[in-house]
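Novice: Chains as they are written, first to last, in my numbering: chain Y, 1 to 181; chain D, 182 to 414.
Hints in this document: simulated from the structure, not taken from any laboratory.
Predicted, not measured: the structure shown is a model, and the values here were computed from it.
Please note: incorrect hints may appear among the correct ones.
One side only, chain Y facing chain D, incomplete, derived with CB under 8 Å [stated by the list, open to error]: (1) LEU13; (2) ARG132; (3) THR135; (4) GLY139; (5) ASP140; (6) ILE155; (7) HIS157; (8) LEU162.
Glycine included, C-beta positions come from ideal geometry on N, C-alpha and C.
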Amino acid sequence: MGGVSTPHVLLGLLAGGSRHGYELKRAHDERLPRARPLAFGQVYATLGRLERDGLVASAGQDRVGGPDRTAYALTDQGRDALDQWLSTVEAPMPYVASTLFAKVVVALLVADVDRARSYLVAQRAAHTARLRELTTVKGDPAATLSDVVAADFAIAHLDADLRWLHATLGRVADWHREVHP
Amino acid sequence: MTQLQARGVVRAYGPTPALRGVTLEVAEGEIVAVTGPSGCGKSTLLHCLAGILRPDVGEVTWRGHRIDTWSEAARSRLRRTEFGVLFQFGQLVAELTAAENVALPLLLAGTGRREARTAALTWLERFGVAEVADVRPGEMSGGQQQRCATARALVTEPRVLFADEPTGALDTLAGEQVLTQLVRLAREQRTAVVLVTHEPRIAAYADREIVLRDGLVDHTGLGLDVPLAGGAR
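Work the whole structure out from these sequences, hints included.
Specialist: Right, dumping it as C-alpha cells:
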C-alpha cells in the first residue's frame, strides 16, 4: 500500500455533485479526520491535473464578493477512473517499511543491547500515550462516527506496533547475540 | 485519596512465585489497568487486592483497614458490598435469567425481591440488554452475557470493581462496547476499577497503567518523558 491517492479521493468527493476547491478541502478534512489535512495548493494543483486528463471539468464559476471560484464536476471518464480504483484491491504491505523496525535493527548493529532496549521502552511509552489520546477522542460525546472509525484505524495500527514492541523487548537480548555472534 | 493499597505483597503457588513484592495504591474513582505478559502475576494481584487470595507476605488495606488478615466470611462480605468482581467469562448462573442474575447480589445483601428486580432491569437497560431480561445465559450471545455480567458486577454500586480480562472473550467491537459502558458508568458513580488486561488498547481506557513483569511492578504511569522525532505529536 502506498500513500493516499489524493486524486482518487477528490474524484470520490465529486461523485455526489460539483464542488469548488474550498468545499473539497473541507469535505476531505471532515470525511478523513485523521488524515493529514489537504493544503489548498495541493487541492488546486490536483484539480488542474485531473482537468488536464479529462477526469473533471469546470462546471461554472461563482463570485461571492471575492475572487471567482471555479466549481468542478466529475466527467464520465472520471467516474470510470473512480470505479476502477474502487474495484482494485490493495496489496497487503509487501515490505516491512517502518522506521520503528529499522531503528531497532540499527541500534542493535551499532550499539549494545541496552541502547536497543531503551529505545524500545521509550517508543512503547510514546505509542501508549498516542493510544490513550485516540481512545479519549473516541470517548468524546461530540465524536462523529467518522472520528471514531478514523481513530479505530489508527488505534489498530498502534496496537499492532505495541504488540511488536512488547514481543521484541522479550527477544532483544537473544537477537543481539544473533547479530553479534 | 488512596482507598486501596497493597504493600510488599508476595504470593506463591507451591514453589512457584507469582508475586514477589508488589506495592501499589488505587485512589477513589480511579481506573487503573494492570498489564504485563502472561504469567507476570496480574490475576494473582487482582485476587489478592479483592480479598479472594491472601498474600503470603505483605498486606492489603482498604480505607485504612488491613483486610488480608480478615476471616473468609468478612472478606466475602466486603466483596458483596464494597467490591465487585468481573471475570473474562461472565460466570452467570446458567439456571437463572439475566434479570435474576443481575438481581442476585442485591438479594444476597438483603434487598427486597421487587426492588432488586427493578434495579436489575435498570442496569440491563444501561448496558443495552434489556431485551434479554427474561432469557437464560445459554440463549444469549457472548457479548450479551458479558454485558449482563458487567451489570451484575456494578448493580450494588461497589466502590471498587475488579475486572480480570473482562473483554478477553469478545470480538473487538463487542469488547469495546462493554468496556466503554463499563468505564462510563464507573466514572458516573465514582467506582474505582482495577482492570487486568494484556491488551494495550484496553489498558488505554484507564487513567493509569501498572505494568507487571515476573511478579514485580516493572513501571507505572503514562510514561511519556522522551522527545519525539521531529517534535511531532
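Novice: Hint by hint, say whether it matches the structure.
Specialist: Hints versus structure:
The beta carbon of LEU13 (chain Y) comes no nearer than 27 Å to any beta carbon in chain D, farther than 8 Å, and the hint placing it at the interface is violated. A distance limit of 8 Å between C-beta atoms decides the matter here; for ARG132 (chain Y) the minimum to chain D is near 5 Å, and the interface restraint holds. The criterion of a C-beta within 8 Å of any C-beta in chain D is met by THR135 (chain Y), whose closest approach is roughly 4 Å, and the hint holds. Because the closest C-beta pair between GLY139 (chain Y) and chain D is about 7 Å apart, less than 8 Å, the hint holds.
The interface hint given for ASP140 (chain Y) is violated, since its Cβ lies 12 Å from the closest Cβ of chain D, which is over the 8 Å cut-off. For ILE155 (chain Y), the interface hint holds, since its Cβ comes within 8 Å of a Cβ in chain D; the closest pair sits about 6 Å apart. Proximity of HIS157 (chain Y) to chain D is violated relative to the hint, the smallest CB-CB distance being about 11 Å (cut-off 8 Å). For LEU162 (chain Y), the suggested interface contact is upheld, since its CB lies about 4 Å from the closest CB of chain D, less than 8 Å.
Hints 1, 5, 7 from the earlier list are contradicted by this structure; the remaining hints agree with it.
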